[in-house]
Amino acid sequence: MTAVCAACVTLAVLCAAIVWAIPGGGVDDALAPYSNAVLREAGLHIGVVLMLLVLCVPVLFLVGQASRFGAPARDRRLAAVRMAGATPAQTARLVALETGLATLGGSVLGLAVILVGRITLDNPDENGIRPLPTDVAIPPWALFLILAVLPALSAGFAVLALRRVRLTPFGVVRRRRTRPPRLVLAVLVLAGIAGLILLAPLEQAMSGPTWGMIYGLVFLTVVLIVAGSLVFGAASISAAIGSWVAQRAGRPDLLIASRRLAEDPFATSRALGALFVCIFVTVGMAGVRVWMLASVLANLQLFGGASADDPAALASDPTLSFHRGAFDLIQIAMTVAIAIAAAAVLVALVEQLMERRRTLAVLSAVGTPRGVLARASMLQIGLPLIPGVAVAAVAGWVTARGLFGWQVSVTGGGYSTCVPPSGLGEAAAVEYCAVPDNLTFFPERTVTIGLGVPWESFAVIGGGAVLGTLLLSAVSLMFLPTATNLQELRAAA
Amino acid sequence: MTRPTLIPTTQRPVDEALRTGRGSALISARSLVFSFDSTPALRGISLDITDGEILAVSGPSGSGKSTLLLCLAGILRPDAGEIRYGHKRIDKLSESERAVLRRSEFGVLFQFGQLVPELTAEENVALPLLLDGVRRRPALATARTWLERFGVSDLVAKRPGAVSGGQQQRIAVARAMVTEPRVLFADEPTGALDSLAGEAVLAQLTRVARDAGTTVVMVTHDATVAAYGDREIVIRDGMLDPTATDRTSRP
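Quick mapping for you: the protein sequence lines, in order, are chains A and B. Take 136 as the starting number for the first sequence in my numbering and just add one per residue. Take 498 as the starting number for the second sequence in my numbering and just add one per residue.
No wet-lab data here; the hints were simulated from the structure. From a predicted model like this one, the values you see are computed outputs, not experimental measurements. Hints are not guaranteed to be accurate.
For each label pair, taking beta carbons as the anchor points, the in silico distance ranges come out as [unchecked claim]:
{"no.": "1", "chain 1": "B", "residue 1": "Ser-591", "chain 2": "A", "residue 2": "Glu-591", "range": "43 to 53 Å"}
{"no.": "2", "chain 1": "B", "residue 1": "Asp-651", "chain 2": "A", "residue 2": "Trp-541", "range": "50 to 60 Å"}
{"no.": "3", "chain 1": "B", "residue 1": "Ser-593", "chain 2": "A", "residue 2": "Ala-287", "range": "53 to 63 Å"}
{"no.": "4", "chain 1": "A", "residue 1": "Val-308", "chain 2": "B", "residue 2": "Asp-734", "range": "33 to 43 Å"}
{"no.": "5", "chain 1": "A", "residue 1": "Pro-223", "chain 2": "B", "residue 2": "Arg-527", "range": "53 to 63 Å"}
{"no.": "6", "chain 1": "A", "residue 1": "Val-610", "chain 2": "B", "residue 2": "Gly-630", "range": "26 to 36 Å"}
{"no.": "7", "chain 1": "B", "residue 1": "Asp-651", "chain 2": "A", "residue 2": "Met-613", "range": "50 to 60 Å"}
{"no.": "8", "chain 1": "B", "residue 1": "Asp-651", "chain 2": "A", "residue 2": "Arg-301", "range": "28 to 38 Å"}
{"no.": "9", "chain 1": "B", "residue 1": "Asp-738", "chain 2": "A", "residue 2": "Phe-292", "range": "56 to 66 Å"}
{"no.": "10", "chain 1": "B", "residue 1": "Gly-648", "chain 2": "A", "residue 2": "Trp-590", "range": "41 to 51 Å"}
{"no.": "11", "chain 1": "A", "residue 1": "Pro-223", "chain 2": "B", "residue 2": "Asp-651", "range": "57 to 67 Å"}
{"no.": "12", "chain 1": "A", "residue 1": "Ala-594", "chain 2": "B", "residue 2": "Asp-708", "range": "44 to 54 Å"}
As a list, the in silico SDA-like pairs of lysine to any residue whose alpha-carbon atoms are at most 25 Å apart [said to hold, decoys possible]:
{"no.": "13", "chain 1": "B", "residue 1": "Lys-655", "chain 2": "A", "residue 2": "Asn-620"}
{"no.": "14", "chain 1": "B", "residue 1": "Lys-655", "chain 2": "A", "residue 2": "Thr-494"}
{"no.": "15", "chain 1": "B", "residue 1": "Lys-655", "chain 2": "A", "residue 2": "Ser-378"}
{"no.": "16", "chain 1": "B", "residue 1": "Lys-589", "chain 2": "A", "residue 2": "Pro-504"}
{"no.": "17", "chain 1": "B", "residue 1": "Lys-655", "chain 2": "B", "residue 2": "Leu-637"}
{"no.": "18", "chain 1": "B", "residue 1": "Lys-585", "chain 2": "B", "residue 2": "Ala-659"}
{"no.": "19", "chain 1": "B", "residue 1": "Lys-589", "chain 2": "A", "residue 2": "Val-507"}
{"no.": "20", "chain 1": "B", "residue 1": "Lys-585", "chain 2": "A", "residue 2": "Ser-378"}
{"no.": "21", "chain 1": "B", "residue 1": "Lys-655", "chain 2": "B", "residue 2": "His-718"}
{"no.": "22", "chain 1": "B", "residue 1": "Lys-655", "chain 2": "A", "residue 2": "Thr-356"}
{"no.": "23", "chain 1": "B", "residue 1": "Lys-589", "chain 2": "A", "residue 2": "Gly-506"}
{"no.": "24", "chain 1": "B", "residue 1": "Lys-585", "chain 2": "B", "residue 2": "Asp-545"}
{"no.": "25", "chain 1": "B", "residue 1": "Lys-655", "chain 2": "B", "residue 2": "Thr-642"}
{"no.": "26", "chain 1": "B", "residue 1": "Lys-655", "chain 2": "A", "residue 2": "Asp-452"}
{"no.": "27", "chain 1": "B", "residue 1": "Lys-655", "chain 2": "A", "residue 2": "Arg-491"}
{"no.": "28", "chain 1": "B", "residue 1": "Lys-589", "chain 2": "A", "residue 2": "Arg-505"}
{"no.": "29", "chain 1": "B", "residue 1": "Lys-589", "chain 2": "B", "residue 2": "Arg-600"}
{"no.": "30", "chain 1": "B", "residue 1": "Lys-655", "chain 2": "A", "residue 2": "Ala-402"}
{"no.": "31", "chain 1": "B", "residue 1": "Lys-589", "chain 2": "B", "residue 2": "Leu-544"}
{"no.": "32", "chain 1": "B", "residue 1": "Lys-585", "chain 2": "B", "residue 2": "Leu-637"}
{"no.": "33", "chain 1": "B", "residue 1": "Lys-655", "chain 2": "A", "residue 2": "Gln-382"}
{"no.": "34", "chain 1": "B", "residue 1": "Lys-655", "chain 2": "A", "residue 2": "Pro-316"}
{"no.": "35", "chain 1": "B", "residue 1": "Lys-655", "chain 2": "B", "residue 2": "Ala-700"}
{"no.": "36", "chain 1": "B", "residue 1": "Lys-589", "chain 2": "A", "residue 2": "Pro-616"}
{"no.": "37", "chain 1": "B", "residue 1": "Lys-585", "chain 2": "B", "residue 2": "Thr-642"}
{"no.": "38", "chain 1": "B", "residue 1": "Lys-589", "chain 2": "B", "residue 2": "Asp-545"}
{"no.": "39", "chain 1": "B", "residue 1": "Lys-655", "chain 2": "A", "residue 2": "Pro-616"}
{"no.": "40", "chain 1": "B", "residue 1": "Lys-585", "chain 2": "A", "residue 2": "Asn-620"}
Idealized CB from N, CA, C, for every residue including glycine.
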């Protein structure tokens, strides 16, 4: 699992590094000779790099969740090592070495995939235009990152993960987190959203380079706080919802689900946190898309003569369709990220079913219908999922608005143009244009387009994520008959 | 004998034919056979359990006594033979029908790990009532009544992990009894407790069961525990031990 995780992260990091290393770009196709416009335009490279790095987040969460399945086997092995005479420190070093080597193996595998891909996918046309940047060398710093920094970080985290674990010769004792999650993290998300809403008008009102820098720093800090709180505050959201519902639940499935959320909110929040961040980024990008398309449209209306009421003209505009295409690609990447995060939720649910099979078997034995247990399992995900997705979506939207404001205003005009009749000499043309009546005056005007809330995007992203996650989570119910197997009672007794 | 109503009961479908009074066979098993894969656990056991009696099923470890209890309770389906509960053939019922029977007519008690760890004591006890459709407030009120009967009313808001093994077992007994089951199946109910806590739990369990007229089938390997029964049968190698079977063991 560690090696697979490392290989995936290596692929994403190397792809990001290669895109980052594409020279030039912009309007000069000779500098960025790729058929894909996203790779050709230098201004979009940062977006592609960020998307690739964001993809790593749900992958890390998914693999982290899936690796817990292998934990019992590893625990037995570590106990055997302790039994053979190793000290806890020696065992921890063994864990670090194992993890570091596995990560290095995964990194090498990922690097090999990239190197093979560079050869097999390098297919320039007769003009030397390539579909992918297979001619760009991998930057040396990226190689150092994946071959040295990544294994070292991985080993460090493996040792850090042992802080709640006691390695004994008779087994590995895990200290369960009994401290309730900090409510302040959930409050921070809401405070961050409020902060972002307040920041946008401030940015419009103030001007000057110093203010711009200060605003940028404050904005970045607030965004990082919101994103971090979404990951680490998912447990707080789960616990708060669970406690509230448990006080009122009259149905057994709701009671079991809400109490479980309140008592062990970390069980599902690890996976939900990744999903919330993906929603945050996806809706944020949808907000950027709205701003970008509105900017292009305003410019077209001001300078290109296009009318917002002429859909045919807009649809055929190359600038607009280019930006639409670029954002569609980002949307696809984020959909993949959401799907991976939803898969992590599924893994978390299956793990819980297996972990709680004794309790589930007893409940089944005393006559609890399997449907009640299935609904409890789904509610455990559904209760924090819906408000969490809503909060993440709002956070993403206000982040985009904090960055670009709530409307687009483009000012232009205030100049005259003159088109002299054909056949005039240069001197005659100058004389012709000196006559005011021969000038066409374009008065200064401002085109303002309000950035309305894209409810449709909200519904598609948020609703799709909730529905997709619930459907994928329902797959875990296939394991319920195994988890409630009544022979478990005899085996455990 | 009419069973006393201790608390407002939930509406449960009780077969009137079962209410035949103490002394008649409430559960009859004939030629029960059960195997775990290729390992035989029961080899043709037949027995009758009369209404209101406390039956102790004892025997050495691995003799098949727990398997017998799980079959009688409708948790496992025997490979061969028949089990009658009144006029009902338990072995012919579907899993969902047996689940309804277990919830409405039977109470089941295990050695350990039977309480939902996240629920409070009162919620654990109220759970069977909620499953029967009783509303939250009356279900919790009934649960508190039962916790009081077992002397653990001060633990209503505690989670199972925060109380002792003996207290956990009393909460579990309260949960098993809260629906006023006609039969209580107990698999080594004091197996995880020290002798003092075990005897306290047993004394309360048998007292409440006798008051309520509940039939109890109790599996144990401990002679002290078996002595709490009206009758004791001994299982060896999946069969009734004829030399030790059907002896009255009540002190």
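Here's how the hints hold up against the structure:
Here the CB-CB span from Ser-591 of chain B to Glu-591 of chain A is close to 47 Å, well matched to the stated 43 to 53 Å. The hinted range of 50 to 60 Å is satisfied by Asp-651 of chain B and Trp-541 of chain A, whose Cβ atoms lie roughly 58 Å apart. Checked against the hint of 53 to 63 Å, the pair Ser-593 of chain B and Ala-287 of chain A passes, with Cβ atoms roughly 55 Å apart. Range check, Val-308 of chain A to Asp-734 of chain B: about 39 Å between beta-carbon atoms, so the 33 to 43 Å window is met.
Between Pro-223 of chain A and Arg-527 of chain B the CB atoms are about 58 Å apart, so this pair conforms to the stated range of 53 to 63 Å. The given range of 26 to 36 Å is respected by Val-610 of chain A and Gly-630 of chain B, whose C-beta atoms sit roughly 30 Å from each other. For Asp-651 of chain B and Met-613 of chain A, the hinted distance range of 50 to 60 Å is not satisfied, since their beta carbons lie about 42 Å from each other. At roughly 33 Å, the beta carbons of Asp-651 of chain B and Arg-301 of chain A sit within the given window of 28 to 38 Å.
Between Asp-738 of chain B and Phe-292 of chain A the CB atoms are about 59 Å apart, so this pair conforms to the stated range of 56 to 66 Å. Here the CB-CB span from Gly-648 of chain B to Trp-590 of chain A is close to 59 Å, at odds with the stated 41 to 51 Å. Take Pro-223 of chain A and Asp-651 of chain B: their Cβ atoms lie about 40 Å apart, and the range 57 to 67 Å is violated. Between Ala-594 of chain A and Asp-708 of chain B the beta carbon distance is about 60 Å. The supplied range of 44 to 54 Å is therefore violated.
Restraint check for Lys-655 of chain B and Asn-620 of chain A: the C-alpha separation of about 28 Å exceeds 25 Å, so the hint is violated. With a C-alpha separation of about 18 Å, the suggested pairing of Lys-655 of chain B with Thr-494 of chain A holds against the 25 Å cut-off. Straight-line distance between C-alpha atoms of Lys-655 of chain B and Ser-378 of chain A comes to about 15 Å, which keeps the hinted pair within the 25 Å bound. Straight-line distance between C-alpha atoms of Lys-589 of chain B and Pro-504 of chain A comes to about 18 Å, which keeps the hinted pair within the 25 Å bound.
The suggested pairing of Lys-655 of chain B with Leu-637 of chain B holds, with an alpha-carbon distance near 14 Å, which does not exceed 25 Å. A distance of roughly 41 Å separates the Cα atoms of Lys-585 of chain B and Ala-659 of chain B; the hinted pair therefore is violated under the 25 Å criterion. With a C-alpha separation of about 24 Å, the suggested pair Lys-589 of chain B and Val-507 of chain A falls inside the 25 Å cut-off, and the hint holds. For the proposed pair Lys-585 of chain B and Ser-378 of chain A, the alpha carbon gap of about 43 Å is over 25 Å, so the pair is violated.
For the given pair, Lys-655 of chain B sits about 31 Å from His-718 of chain B by alpha-carbon distance, which is inconsistent with the 25 Å threshold. Distance restraint check for Lys-655 of chain B and Thr-356 of chain A: the Cα-Cα separation of roughly 42 Å exceeds the 25 Å cut-off, and the hinted pair is therefore not satisfied. Distance hint between Lys-589 of chain B and Gly-506 of chain A is fulfilled; the C-alpha atoms sit about 22 Å from each other, no more than 25 Å. For a cut-off of 25 Å, the pair hint linking Lys-585 of chain B to Asp-545 of chain B stands: about 14 Å separates their Cα positions.
At roughly 16 Å between alpha-carbon atoms, Lys-655 of chain B and Thr-642 of chain B fall within 25 Å of each other, so this suggested pair holds. A threshold of 25 Å between alpha carbons decides the hint, and for Lys-655 of chain B with Asp-452 of chain A the separation of about 67 Å lies outside it, so the pair is violated. For the hint linking Lys-655 of chain B to Arg-491 of chain A, the alpha-carbon distance of about 20 Å falls within 25 Å, and the restraint holds. For a cut-off of 25 Å, the pair hint linking Lys-589 of chain B to Arg-505 of chain A stands: about 20 Å separates their Cα positions.
With a C-alpha separation of about 17 Å, the suggested pairing of Lys-589 of chain B with Arg-600 of chain B holds against the 25 Å cut-off. In summary, the hint linking Lys-655 of chain B to Ala-402 of chain A is supported, as the alpha carbons are separated by about 21 Å, within the 25 Å threshold. For a cut-off of 25 Å, the pair hint linking Lys-589 of chain B to Leu-544 of chain B stands: about 18 Å separates their Cα positions. In summary, the hint linking Lys-585 of chain B to Leu-637 of chain B is not supported, as the alpha carbons are separated by about 32 Å, beyond the 25 Å threshold.
For a cut-off of 25 Å, the pair hint linking Lys-655 of chain B to Gln-382 of chain A stands: about 14 Å separates their Cα positions. Our distance criterion of 25 Å between C-alpha atoms is met by Lys-655 of chain B and Pro-316 of chain A, whose separation comes to about 20 Å. Proposed proximity of Lys-655 of chain B and Ala-700 of chain B is supported: the alpha carbons are some 23 Å apart, at most 25 Å. This hinted pair checks out: Lys-589 of chain B and Pro-616 of chain A have alpha carbons roughly 20 Å apart, not beyond 25 Å.
With a C-alpha separation of about 32 Å, the suggested pair Lys-585 of chain B and Thr-642 of chain B falls outside the 25 Å cut-off, and the hint is violated. Pair hint Lys-589 of chain B plus Asp-545 of chain B holds up; C-alpha atoms about 18 Å apart against a cutoff of 25 Å. For the proposed pair Lys-655 of chain B and Pro-616 of chain A, the alpha carbon gap of about 30 Å is over 25 Å, so the pair is violated. Between Lys-585 of chain B and Asn-620 of chain A, the direct Cα distance comes to roughly 24 Å. Compliance with the 25 Å bound is thereby established for this hinted pair.
In summary, the numbered hints that this structure violates are 7, 10, 11, 12, 13, 18, 20, 21, 22, 26, 32, 37 and 39.
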